[in-house]
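Student: Okay, here's what each chain looks like letter by letter:
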Amino acid sequence: MWNPIEGAPREELEKLQAKRLRDTVERVYHLVPFYRKKFDEIGIKPAHIKSVGDLKDLPFTTKQDLRDHYPFGLFTVPMDQVVRIHSSSGTTGKPTVVGYTAYDMGVWKEVMARTMSMMNVGPGDVVHNAYGYGLFTGGLGFHYGAEEVGAAVVPSSGGFTKRQLLLMKDFGATVLCSTPSFALHLAEVARDEGYDLKKDFKIRAGFFGAEPASEGLRNALRDAWGLVYIEAYGLSEIIGPGVASGCPYGNLHIFEDHFIPEVIDTDTGEVLPDGEEGELVFTTVTKQALPIIRYRTKDITVLHRQPCKCGRTITIMESVKGRADDMLIVNGVNVFPSQVEHVLTKLEGVTPNYVIVLDKKGVLDKLEVWVEVDDRTFADGIGALESLKTKLQQEMLNDLYINVRVKLVEPKTLERSMGKAKRIIDKREAEGLKS
Amino acid sequence: MIKKYGIKQLSIFLENRKGRLLEVTEALKDASINIRALALAESAEFGILRLVVNNPEKAKSVLSASGFTLKEQDVFAVEVADEPGSFYKVVKLLTENDINVDYTYAFVGDAKKAVLIFKVPSEMLAKALEALDKGGVTLVEPMFFYD
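Those protein sequences? They're chains W and G, same order as listed.
When you line the first sequence up against this note's numbering, it's residues 1 to 435, in that order.
When you line the second sequence up against this note's numbering, it's residues 1 to 147, in that order.
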């Protein structure tokens, strides 16, 4: 255990949470007009909040709120104290922005070190980090965790599968950090290239997150690499990866001395008791640049508060079971159908009639957008149609941060092939996994 | 000149899907429309079928009603001797007058003559017709194609 608080008696933990929560509420009330207004509207003063149980009286914060205050409207510190800005693609054009002070970076390193410590990663370990580096918090989050525990980190980022395998073998990587689908893709390419996975590689642990993984996929990774599967959970609005981490017993522990979880009924907003399924909500209680009160993650899960065999007493969340909205996860990147629609409507002349088709290319996700060509948009030339297609693909890459394949189709094809006006076809589940 | 020599061509957007070409031709057959000239351009995923027919108005309404995406545009046709160098002569005239050719297709009319169809950017159409007329090329009137 990296920090004894992870296994502290509940009373001690809740006392610490209550103190931190009170400080955070004072902070946002006095520093962010958005929170002050919302608190005043329902007649809540910071003094009302005494314990974690009082959290239920505070208003929720949503992704829309972050967008409405783009870029820095919800920050509680002047910009000269911000040392890092990350962003994820927004739902309709504008990205979601998160900021960190030096103190926040310390918190991030701490929770990522706790994650790494789930498998006693430390000096002597070589951590191969294949999460994307850049605006996405995944890459740098794991990077800090590995450095914090004293391991050697190989910041390979995504792509270049064959080169990654060469480095993993030659550098003697012992830990792999990536999306689960990329880890399986690595295993399949390794086999095709003639590697003997268990002889040529020394991967003993894998930290997998950013997308859901079925039990079948987890087992496939355990079998292929001979590793212990550790689930990583996080979201940039809260801190990035490091909000919760799996332990060797397979329980996903929330680092709730920093991020207080609740599960609510997504329709009524009522807090649900432990053991009941609902939408996960987080309140950060140590963040400085962007503290966030009761953030609705839209992730559906169940909380359990009982001690784990690993010795931790902090709350356990089940693996995310689904979403309370229409967000799609494509190779670890979050995509909203509204983003696709936004790109189509902003390009003059393009009909917003479209279907999003998600499929697998090997083990990786493939996103296609089928766009109808009607009499108005139909340019009589292969070149003109190809350039329309290319332009749409570029715009989607720019707005969604992922490669989208655009396919131009005839009008009414969509209804014809799908039966009714259905915007999203997800074929990924049905396909199953190649063993 | 455009009024006199402009020929209505229908361009139809086709997905590369089994049976799609059959459906277009079937719709035309059922409406007793005769195809006078055609060309098919294709890319990996879709194609464009270009047709000159005996009754463009009727063809347009039949195909629209069948749910095809189409575009009607003016092209022009020239009649040349069916012998080496005829196509060259027409292209040379267009080039000398700085006229871009979007695409062209041809068919042999009778034993001695060939008919060439040209699509040029619409803003260059009038200039092209004048240049060819002045250069002694025989322009074909739409009546040759229509009923």
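No wet-lab data here; the hints were simulated from the structure.
Any given hint might turn out to be false.
Among chain W residues calculated to face chain G with C-beta under 8 Å, some are [said to hold, decoys possible]:
id, residue
1, D325
2, D374
3, D375
4, D380
5, V409
6, P411
Using 25 Å as the maximum straight-line C-alpha spacing, the simulated DSS-like pairs for lysine-lysine come out as follows [to be verified]:
id, chain 1, residue 1, chain 2, residue 2
7, W, K412, G, K60
8, G, K29, G, K60
9, W, K412, G, K112
Chain W is nowhere near these chain G residues, computed Cβ spacing over 12 Å in every case [stated by the list, open to error]:
id, residue
10, L22
11, E26
12, A44
13, G47
14, L70
15, V75
16, A81
17, D82
18, P84
19, E96
20, N97
21, D133
22, Y146
All figures in this text were calculated on a predicted structure; none of them were measured in a lab.
From the three backbone atoms N, C-alpha and C, an ideal C-beta is built for every residue, glycine too.
Student: Is the claim that D82(G) lies outside the interface with chain W correct, judged by CB distances over 12 Å?
Tutor: 28 Å, holds
Student: Have a go at the D380(W) hint: is there a Cβ in chain G nearer than 8 Å to its own Cβ?
Tutor: Cβ of D380(W) sits 4 Å from chain G, so the hint holds.
Student: Beyond 12 Å from every Cβ of chain W: is that where the Cβ of V75(G) lies?
Tutor: 10 Å, violated
Student: Could you grab the alpha-carbon distance between K412(W) and K60(G) and see if it respects the 25 Å cut-off?
Tutor: 18 Å, holds
Student: Test the statement that A44(G) is away from the interface with chain W: the closest C-beta pair must be farther apart than 12 Å.
Tutor: 9 Å, violated
Student: Does the CB of D374(W) sit less than 8 Å away from some CB of chain G?
Tutor: Status holds, d = 6 Å.
Student: Would you settle whether the hint for D375(W) is holds or violated, based on the nearest Cβ-Cβ distance to chain G being less than 8 Å?
Tutor: Holds. Min distance 6 Å.
Student: Minimum Cβ distance from V409(W) to chain G below 8 Å?
Tutor: 6 Å, holds
Student: Is the straight-line distance between the alpha-carbon of K412(W) and that of K112(G) 25 Å or less?
Tutor: 45 Å, violated
Student: Would P84(G) pass as off the interface with chain W, using Cβ distances and a cut of 12 Å?
Tutor: 29 Å, holds
Student: Take a quick look at Y146(G) and tell me if its Cβ sits farther than 12 Å from every Cβ on chain W, holds or violated.
Tutor: 20 Å, holds
Student: Confirm or reject: N97(G) is not an interface residue toward chain W, with every Cβ-Cβ distance exceeding 12 Å.
Tutor: The assertion about N97(G) holds, with a minimum of 21 Å to chain W.
Hints 1, 9, 12, 13, 14 and 15 from the list above are not met by this structure, while the remaining hints are.
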